[in-house]
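Note that my numbering has the sequence shown beginning at 14, numbered continuously upward.
Hint data in this document are derived by calculation from the structure and do not stem from the laboratory.
Heads up, the beta-carbon is just placed ideally off N, CA and C, and yes, glycines get one too.
Do not rely on the hints blindly, as some may be mistaken.
Stated by the list, open to error - Dumping the calculated DSSO-like pairs for lysine-lysine here, alpha-carbon to alpha-carbon at most 27 Å:
| no. | residue 1 | residue 2 |
| --- | --- | --- |
| 1 | Lys252 | Lys222 |
| 2 | Lys38 | Lys252 |
| 3 | Lys252 | Lys26 |
To be verified - Across the chosen pairs, the derived CB separations fall in these ranges:
| no. | residue 1 | residue 2 | range |
| --- | --- | --- | --- |
| 4 | Gly342 | Leu271 | 21 to 31 Å |
| 5 | Thr153 | Lys26 | 46 to 56 Å |
| 6 | Arg108 | Ala346 | 29 to 39 Å |
| 7 | Gln135 | Arg267 | 49 to 59 Å |
| 8 | Ala54 | Ala76 | 35 to 45 Å |
| 9 | Gly342 | Ala54 | 19 to 29 Å |
| 10 | Ile15 | Arg190 | 18 to 28 Å |
| 11 | Arg190 | Ser359 | 19 to 29 Å |
| 12 | His138 | Gly342 | 42 to 52 Å |
| 13 | Asp269 | Thr94 | 21 to 31 Å |
| 14 | Lys221 | Ala346 | 33 to 43 Å |
| 15 | Arg108 | Glu150 | 39 to 49 Å |
| 16 | Arg296 | Asp357 | 40 to 50 Å |
| 17 | Asp223 | Asp269 | 16 to 26 Å |
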Amino acid sequence: MIDIEGVLGDEAKDLLAHVAQGIPKDGLVLPGPDFVERVVAATDRSPRVLRNLQSLFDHGRLAGTGYVSILPVDQGIEHSTASAFASNPRCLDPRNIVELALEGGCNAVASTLGVLGAVSRQYAHRIPFIVKLNHNELLTYPNHYDQIMFGNVQQCFDLGAAGVGATVYFGSEQSDRQLREVSEAFAQAHTLGMFTVLWCYLRNPAFKKDGVDHSLSADLTGQANHLGATIQADIVKQKQPESNGGYRALDFGRTDPLLYSTLSTDHPIDLTRWQVANCYMGRVGLINSGGASSGQGDLAQAVRTAVINKRAGGTGLITGRKAFQRPTGEGVALLNAVQDVYLDDSITVA
14 MIDIEGVLGD EAKDLLAHVA QGIPKDGLVL PGPDFVERVV AATDRSPRVL RNLQSLFDHG
74 RLAGTGYVSI LPVDQGIEHS TASAFASNPR CLDPRNIVEL ALEGGCNAVA STLGVLGAVS
134 RQYAHRIPFI VKLNHNELLT YPNHYDQIMF GNVQQCFDLG AAGVGATVYF GSEQSDRQLR
194 EVSEAFAQAH TLGMFTVLWC YLRNPAFKKD GVDHSLSADL TGQANHLGAT IQADIVKQKQ
254 PESNGGYRAL DFGRTDPLLY STLSTDHPID LTRWQVANCY MGRVGLINSG GASSGQGDLA
314 QAVRTAVINK RAGGTGLITG RKAFQRPTGE GVALLNAVQD VYLDDSITVA
């Protein structure tokens, strides 16, 4: 186990001792070993979905905790193979992606139809597969930002996937179409017994104003989470908020002053608590993004993100570039460090 307080440094006391006041933990549906039986079994999900979701919670170092650590690798499409894999070309081979997830003790590996299909007979029975259905490719010139379906749900089922994932760029011109496509895909996935994970990202140049990126605002990301829960995502993936007040700064939509006074503060745990609250108060698990790799500070940043997610009432972390854009041993150590946060019983919900 890593020295979490040491890694957090000067922020340790503030992050580990904070008590949330606006939305107290007593009102949340919290993760736990019995989450599927206690929470998901009360929904309209079929026994096959419950079984596959339980397999996610039962795998890896976090098995039996109710928390998840997922390795996502789809940046070869989302960015380019050079930007994603030049620092570690081994991950151009799908086998090495899955092996990293296995060695790193992850609950699941999330990647493209091509990557997981290339090794499904070797690995689909060894670790839960989450097939990412749509992607934003940047080979089109000039670049445009849109999530396009690269496969269908039946293909995911046929290769042995336990779940499917997708992204909606909320706020974009194409979001209405993406929302319809993903909603239909999730309904089919549930019919076939697979759980669903939605990347609820905000994407619109207008969300950046006066030097502030409001696509990372708690109020806007929280609303995106709520829309994701509405189309029956079983898990919502969201970037951790860095501010609040996007509605007011951009002067659009509807909000309430109570969100900025009583229900939240500027503390990162309170901001993330609002994201959890918008996931039906935790009935839909919130996993936060591990973010891009910046080099030497990756481990500290990943641990910080995990502490905030756990103490806010979240369900785990999805950690990609910080893990696979470095030698395998270092990637495994970083994944394990994130998992140590969720395995440490002294780190409680705020």
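Here is what the structure says about each hint:
{"no.": "1", "hint": "Lys252 - Lys222", "result": "holds (18 Å)"}
{"no.": "2", "hint": "Lys38 - Lys252", "result": "holds (21 Å)"}
{"no.": "3", "hint": "Lys252 - Lys26", "result": "holds (23 Å)"}
{"no.": "4", "hint": "Gly342 - Leu271: 21 to 31 Å", "result": "violated (48 Å)"}
{"no.": "5", "hint": "Thr153 - Lys26: 46 to 56 Å", "result": "holds (48 Å)"}
{"no.": "6", "hint": "Arg108 - Ala346: 29 to 39 Å", "result": "violated (21 Å)"}
{"no.": "7", "hint": "Gln135 - Arg267: 49 to 59 Å", "result": "holds (50 Å)"}
{"no.": "8", "hint": "Ala54 - Ala76: 35 to 45 Å", "result": "violated (19 Å)"}
{"no.": "9", "hint": "Gly342 - Ala54: 19 to 29 Å", "result": "violated (40 Å)"}
{"no.": "10", "hint": "Ile15 - Arg190: 18 to 28 Å", "result": "violated (44 Å)"}
{"no.": "11", "hint": "Arg190 - Ser359: 19 to 29 Å", "result": "violated (46 Å)"}
{"no.": "12", "hint": "His138 - Gly342: 42 to 52 Å", "result": "violated (26 Å)"}
{"no.": "13", "hint": "Asp269 - Thr94: 21 to 31 Å", "result": "violated (45 Å)"}
{"no.": "14", "hint": "Lys221 - Ala346: 33 to 43 Å", "result": "holds (35 Å)"}
{"no.": "15", "hint": "Arg108 - Glu150: 39 to 49 Å", "result": "violated (23 Å)"}
{"no.": "16", "hint": "Arg296 - Asp357: 40 to 50 Å", "result": "violated (25 Å)"}
{"no.": "17", "hint": "Asp223 - Asp269: 16 to 26 Å", "result": "holds (23 Å)"}
In this structure, the earlier hints numbered 4, 6, 8, 9, 10, 11, 12, 13, 15, 16 are contradicted, and the remaining ones agree with it.
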